[in-house]
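Number of protein chains: 2
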Amino acid sequence: MNMNTRNKEKALVVFSGGQDSTTCLLWALKRYKEVIAVSFDYGQRHKAELDCAKEITEKLGVEWHVLDMSLLNQLAPNSLTRAEIVVDENAPEEGTPNSVVDGRNMLFLTFAAVFAKQRGITDLITGVSQSDFSGYPDCRDVFIKSLNATLNLAMDTTFCIETPLMWIDKADTWKLARDLDGLELVRDMTLTCYNGVKGDGCGRCPSCKLRKQGYEEFLARYR
Amino acid sequence: MNMNTRNKEKALVVFSGGQDSTTCLLWALKRYKEVIAVSFDYGQRHKAELDCAKEITEKLGVEWHVLDMSLLNQLAPNSLTRAEIVVDENAPEEGTPNSVVDGRNMLFLTFAAVFAKQRGITDLITGVSQSDFSGYPDCRDVFIKSLNATLNLAMDTTFCIETPLMWIDKADTWKLARDLDGLELVRDMTLTCYNGVKGDGCGRCPSCKLRKQGYEEFLARYR
Numbered sequence: 004m005n006m007n008t009r010n011k012e013k014a015l016v017v018f019s020g021g022q023d024s025t026t027c028l029l030w031a032l033k034r035y036k037e038v039i040a041v042s043f044d045y046g047q048r049h050k051a052e053l054d055c056a057k058e059i060t061e062k063l064g065v066e067w068h069v070l071d072m073s074l075l076n077q078l079a080p081n082s083l084t085r086a087e088i089v090v091d092e093n094a095p096e097e098g099t100p101n102s103v104v105d106g107r108n109m110l111f112l113t114f115a116a117v118f119a120k121q122r123g124i125t126d127l128i129t130g131v132s133q134s135d136f137s138g139y140p141d142c143r144d145v146f147i148k149s150l151n152a153t154l155n156l157a158m159d160t161t162f163c164i165e166t167p168l169m170w171i172d173k174a175d176t177w178k179l180a181r182d183l184d185g186l187e188l189v190r191d192m193t194l195t196c197y198n199g200v201k202g203d204g205c206g207r208c209p210s211c212k213l214r215k216q217g218y219e220e221f222l223a224r225y226r
Numbered sequence: 004m005n006m007n008t009r010n011k012e013k014a015l016v017v018f019s020g021g022q023d024s025t026t027c028l029l030w031a032l033k034r035y036k037e038v039i040a041v042s043f044d045y046g047q048r049h050k051a052e053l054d055c056a057k058e059i060t061e062k063l064g065v066e067w068h069v070l071d072m073s074l075l076n077q078l079a080p081n082s083l084t085r086a087e088i089v090v091d092e093n094a095p096e097e098g099t100p101n102s103v104v105d106g107r108n109m110l111f112l113t114f115a116a117v118f119a120k121q122r123g124i125t126d127l128i129t130g131v132s133q134s135d136f137s138g139y140p141d142c143r144d145v146f147i148k149s150l151n152a153t154l155n156l157a158m159d160t161t162f163c164i165e166t167p168l169m170w171i172d173k174a175d176t177w178k179l180a181r182d183l184d185g186l187e188l189v190r191d192m193t194l195t196c197y198n199g200v201k202g203d204g205c206g207r208c209p210s211c212k213l214r215k216q217g218y219e220e221f222l223a224r225y226r
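Line order of the protein sequences matches chains A and B. Adding 3 to a residue's 1-based position in the first sequence gives its number in the numbering used here. Adding 3 to a residue's 1-based position in the second sequence gives its number in the numbering used here.
None of these hints come from the bench; they were simulated from the model. Ideal placement from N, C-alpha and C gives every residue a C-beta, glycine not left out. There may be inaccurate statements among the hints.
[To be verified] Derived pair list, reagent style SDA-like, types lysine to any residue, alpha-carbon separation capped at 25 angstroms:
(1) A:K148 with B:K215
(2) B:K215 with B:D191
(3) B:K36 with B:P140
(4) B:K201 with B:L188
(5) A:K57 with A:G46
(6) A:K57 with B:K201
(7) A:K148 with B:R9
(8) A:K148 with B:D191
(9) A:K13 with B:K201
(10) A:K62 with A:E37
(11) B:K148 with A:V145
(12) B:K148 with A:K57
(13) A:K148 with B:K148
[Stated by the list, open to error] Listed next, the stretches of chain A that the computed footprint assigns to chain B, with coverage defined by at least 3 CB atoms under 8 angstroms from CB atoms of chain B:
(14) 34-41
(15) 57-67
(16) 70-78
(17) 104-110
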């Protein structure tokens with residue numbers, strides 16, 4: 004299939020069931036006639052992530068696919084995919100937190116692009132953000148742009164990777180969800196907690212702390 | 004692991020057990036202190052490919068790994084991975100042959116890069132060639148260079164993708180094998196035939212025809 008023209012009517016959202024990708028899904032639903040959501044099953048600690056993704060896509064009436072990425076475990080055993088490793092309570096000040104799988108985001112987006120092309124989709128939506136950059140090089144804007152060019156060359160296709168959250172912080176991500184009429188949905192149905200607790204989460208892990216802090220800033224800034 | 008410096012002592016060869024990647028493996032063995040070979044198991048038609056890869060690495064005393072890429076089948080059912088589909092006897096004049104999985108080479112190289120980084124390896128060797136470009140966009144030099152940049156950004160690492168065959172044709176690939184003292188090994192132990200026949204192959208499929216033609220040109224040009 005040659006797709007040298009962008010198809011602006013359809014989009015594929017890389018969807019984890021977390022705050023960021025759910026906000027991106029709401030964003031896409033306002034902009035495209037047809038949206039599909041794709042999640043990755045990579046033996047993550049918490050299958051609850053995929054349960055949330057299922058619930059949210061059902062509620063929103065979005066076609067949802069799960070791609071098996073279990074082979075990530077061949078490459079980089081680590082704390083997000085292996086339950087026996089303890090997650091840092093706080094991310095280290097230098098370098099990347101121990102939950103990173105090098106190149107994971109690149110693999111996910113590349114798989115998503117292959118899948119999208121099969122479906123005649125050129126627009127790929129991902130919730131990465133340089134603003135809450137916590138040491139993951141593959142969340143940076145420069146990486147996404149380079150990947151977009153590489154994907155286009157690899158598959159002779161005009162992909163457009165859209166990153167609605169790239170330059171906004173957590174507070175503004177909450178505001179975006181509200182502007183998209185999805186504040187309650189994002190607050191109550193998404194999972195970001197490292198310990199697998201939906202909504203407000205465990206309250207102790209770094210992810211819950213960031214989420215809570217962002218929500219409070221959102222309330223303070225925009226109430 | 005931060006690897007912002009190229010490690011010139013070790014290399015990873017993306018290795019299928021075919022003529023091209025075996026020649027690259029011989030090339031790498033002359034240049035690096037330590038070489039590892041990585042093959043991909045993606046449910047290819049002919050497990051014979053992996054058998055050849057095993058035999059060759061054993062003969063050469065090279066550490067060999069097989070990565071499971073069976074999930075490729077989730078993405079793009081096609082003639083190289085699904086036995087029930089008939090392979091074109093001749094590649095179509097336009098576009099790509101029906102054996103292509105879009106983006107396959109990009110996925111293989113990205114997985115190889117993740118694996119390499121785990122091992123402290125920055126040099127990746129692949130046998131892609133723009134000279135025998137048969138419609139696969141992810142064999143072009145511009146793609147490889149773009150991918151190299153993207154991998155470096157994704158993983159904050161100084162990867163160097165080496166492509167010894169990029170600008171040489173099949174005849175010169177045979178010459179390179181001879182210059183590396185590996186002509187017999189490549190001729191007798193490698194598999195390129197679409198029908199899974201080692202060495203000279205079935206003689207009928209497009210891959211065998213190209214291989215034979217290249218060998219005859221090599222003999223004519225350099226005998």
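Structure-based check of all given hints:
For the proposed pair K148 (chain A) and K215 (chain B), the alpha carbon gap of about 42 angstroms is over 25 angstroms, so the pair is violated. Taken as a hint, the K215 (chain B) and D191 (chain B) pair is honoured in the structure, with Cα atoms around 13 angstroms apart against an allowance of 25 angstroms. Between the alpha carbons of K36 (chain B) and P140 (chain B) the distance comes to roughly 32 angstroms, so the proposed pair goes past 25 angstroms and is violated. In summary, the hint linking K201 (chain B) to L188 (chain B) is supported, as the alpha carbons are separated by about 12 angstroms, within the 25 angstroms threshold.
For the proposed pair K57 (chain A) and G46 (chain A), the alpha carbon gap of about 16 angstroms is at most 25 angstroms, so the pair holds. Restraint check: the Cα-Cα separation between K57 (chain A) and K201 (chain B) comes to about 47 angstroms, which exceeds 25 angstroms; the hinted pair is violated. Restraint check for K148 (chain A) and R9 (chain B): the C-alpha separation of about 24 angstroms stays at or below 25 angstroms, so the hint holds. Between K148 (chain A) and D191 (chain B) the alpha-carbon distance is near 44 angstroms, which puts this suggested pair outside the 25 angstroms criterion.
Taking the CA atoms of K13 (chain A) and K201 (chain B), the gap is about 45 angstroms. The hint is violated against a cut of 25 angstroms. Simply put, K62 (chain A) and E37 (chain A) have alpha-carbon atoms about 16 angstroms apart, close enough for the 25 angstroms limit, and the pair holds. The straight-line distance between the Cα atoms of K148 (chain B) and V145 (chain A) is roughly 16 angstroms, inside the 25 angstroms bound, and the hint therefore holds. Taken as a hint, the K148 (chain B) and K57 (chain A) pair is broken in the structure, with Cα atoms around 38 angstroms apart against an allowance of 25 angstroms.
The hinted pair formed by K148 (chain A) and K148 (chain B) meets the criterion: a straight-line CA distance of about 15 angstroms does not exceed 25 angstroms. Against chain B, the segment 34-41 of chain A contributes 0 residues with a C-beta closer than 8 angstroms to a partner C-beta. That does not satisfy the three-residue criterion, and the hint is violated. Coverage of the segment 57-67 of chain A by chain B is violated [criterion: at least 3 residues with CB-CB distance below 8 angstroms; count 0]. Check on the segment 70-78 of chain A: 7 of its residues sit with their Cβ under 8 angstroms from a Cβ of chain B, so the three-residue criterion for coverage holds.
With a cut-off of 8 angstroms between beta carbons, the segment 104-110 of chain A has 6 residues touching chain B; three or more are needed, and the interface restraint holds.
Comparing the model with each numbered hint stated earlier shows that hints 1, 3, 6, 8, 9, 12, 14, 15 do not hold.
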